Amino acid sequence: MKRTRKASLSPRLRSAEVNAPSTPLLTASELKAIAERIMKFSEADETEVEIDITTDALTRFANNIIHQNVAERMLHISVRAVMDGRTARATTNKTDEESLRRVMAAAEKLALHQPEIPGLLPMLGAQKVPTVRRFFAETAEASPQDRAR
Amino acid sequence: MQDWATRAIETAKRRGASYADARVMDIRQRDISTKNGEVGTLVESESLGIGIRVIASGAWGFASTDRLTHESIDSCAAEAVAIAKASALAKHADVALAPENAYVDTWQNPFVKDPFRIPVERQIEVLLAADKEMRRVKGVTLAEGSMTFRKIDQLFVSTVGSVIHQVKMQSGTGIVATSFAGSEIQKRSYPNSFGGQHALEGYELIEALDLVGNAGRTGEEAVALHSAAQCPEKTGTIILGGSQLGLQIHESIGHPIELDRVLGQEANFAGMSFLTVDKLRKLKYGSEIVNVVADARLAHGPGLGTFAYDDEGVPAQCTPIITNGLFTGYLSNRETASAIGEDRSNGTMRTESWNRLPIIRMTNVSINPGTWKYDDLIADTDDAILMDTNRSWSIDDRRYHFQFSTEIGWEIKGGKKGRMIKNPSYSGITTEFWNSCEAICSRADWTLWGTPNCGKGQPMQTMGTGHGASPARFRNIKIGVAFAK
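Top line first, the protein sequences correspond to chains U and A.
Using numbering that gives the first Met the number 0, you'd call the opening residue of the first sequence number 0 and step up by one each time.
Using numbering that gives the first Met the number 0, you'd call the opening residue of the second sequence number 0 and step up by one each time.
Quick caveat, the hints were computed from the structure, so don't treat them as lab data.
A couple of the hints might just be wrong.
[Claimed, not checked] Label pairs and their in silico Cβ distance ranges:
1) U:Ser142 - A:Ser393: 41 to 47 Å
2) U:Ser28 - A:Phe115: 33 to 39 Å
3) A:Ala483 - U:Asn63: 41 to 47 Å
Keep in mind that this is a model prediction, so the values were computed, not measured.
Every residue, glycine too, gets a C-beta built ideally from N, C-alpha and C.
Modelling step: build the complete structure from the supplied sequences, incorporating the hints.
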């Protein structure tokens, strides 16, 4: 029997809508839509979907030159299932239907092989999460040229 | 995959790149661990994306994304070019690459059993059965086991004209018995410490290692170490087991021959190197029987450093690193080979994942087998300590002074293996140590060990490396300092 279902979005995502890197991050509503698509495959007692999307850039100097200068954009989908008091997690960064079905099924299957956790508390359920605004557009918009200078 | 990668390099060229390569990597991993009769880690993960590396305005740029739409790939390629142009703001000279041919090829390492098709419950059963056997031994207080499987499906495309598809299947497993008694902790691992044995093989590797059949002995040795004699502090002869010699190679040969460390481009984790370029083909690194190669070819074995092409499209090669004791080669890429006047990269650029820049990495850095039969080596040794299975390592940031300890030792007296020794350790200076090597066992005792956890770079990358080694004897070694009281 399903008791609680929860989709949690990491705080970093809430700033995604105002971020404008060269490869756009997904909006919070797009990420929520991914979570809901995973949820529909769930047969677990409880399911938690956590989605994190990040962009990172790093400039390294050696011998007084920039020898490594990199950037990445990465989606991380982590699915935790609870089955009969047992819990496990599977992760992916693929958002096609088959991959979302597979990550949900993997979490459920792995949970069945975990030891039962006596007194495992239920997931929190729907929460009203305060908006955290720690996003600085000027930092996010810093170009490779800005970093190099 | 090819559509994405080709689009990436075409976009990069249009944006002004003079060179571009793109790697699409689809990675699947399963990690299982058990501890004292219960499942611990049990995780499956998948990751797919593209990394685009370019030269524009004479400098490097790299960008990666896992959003594989045409628009996103175009944007990522444009970002890589913009980054390269920014890098050019602080350059001394244009990047120069050693020439390389174009290759169109497909390669997959051979394996018998796909570990991802073996039910996870069967894999857990094996670990729990080994766990039970270890805990059956009175005095074993902690039993641990692990399995890791990784499949990498990757496509490399470059403006040189290469289109290279490679599929690699890796498997690994190990068990550890730990015994706490009084204020002392002793442990034994099988088949090796720090994760066991890993190779470019399928589930057949796990079956061949017979964890359950070796678990009881592993537990018994962990407990027996408590009552073993303390390793003496002295200067004398040691015989290193193959897995310990493999790690010795990794730390005191593998890292210092990484040409990016030599040239001051990398210092993370393992520091830089004492092997300045003036030492190439001049330094007497070891004794005349020491022959070390960096061999990424499948012919060398199914090591974690085995592939058909590296991650900048250079074919796998066998490079002589130490030849009859003489230092003869570095690990290079196209850029560093050019920088020291070599006419070709020896193909050691490797990346952990699609979102990481390829960097110089060990392939299979192995010592060639010698001529000794193991039993003859023991019989020929009058007084020594045989040390096996790494417990700790410490080496300075030029890879010159080191100290290692192993899980277990045995006294060798009058050509016979005698009592067990606990807390064995040895220390030395890299070149003095390798020059004191005077006997190496033959191919019959040679194993291509897998080191799955070598960290390097920033952002940090974890890479698997291979190290073939057989037991070897070294004279005049400082012994027992690490645990001297």
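Verification of the supplied hints:
1. Our hint of 41 to 47 Å for Ser142 (chain U) and Ser393 (chain A) holds, since their Cβ atoms are close to 42 Å apart.
2. Remark: the range hint 33 to 39 Å for Ser28 (chain U) to Phe115 (chain A) is upheld by a beta-carbon distance near 34 Å.
3. Between Ala483 (chain A) and Asn63 (chain U) the Cβ separation comes to about 44 Å, which falls inside the hinted range of 41 to 47 Å.
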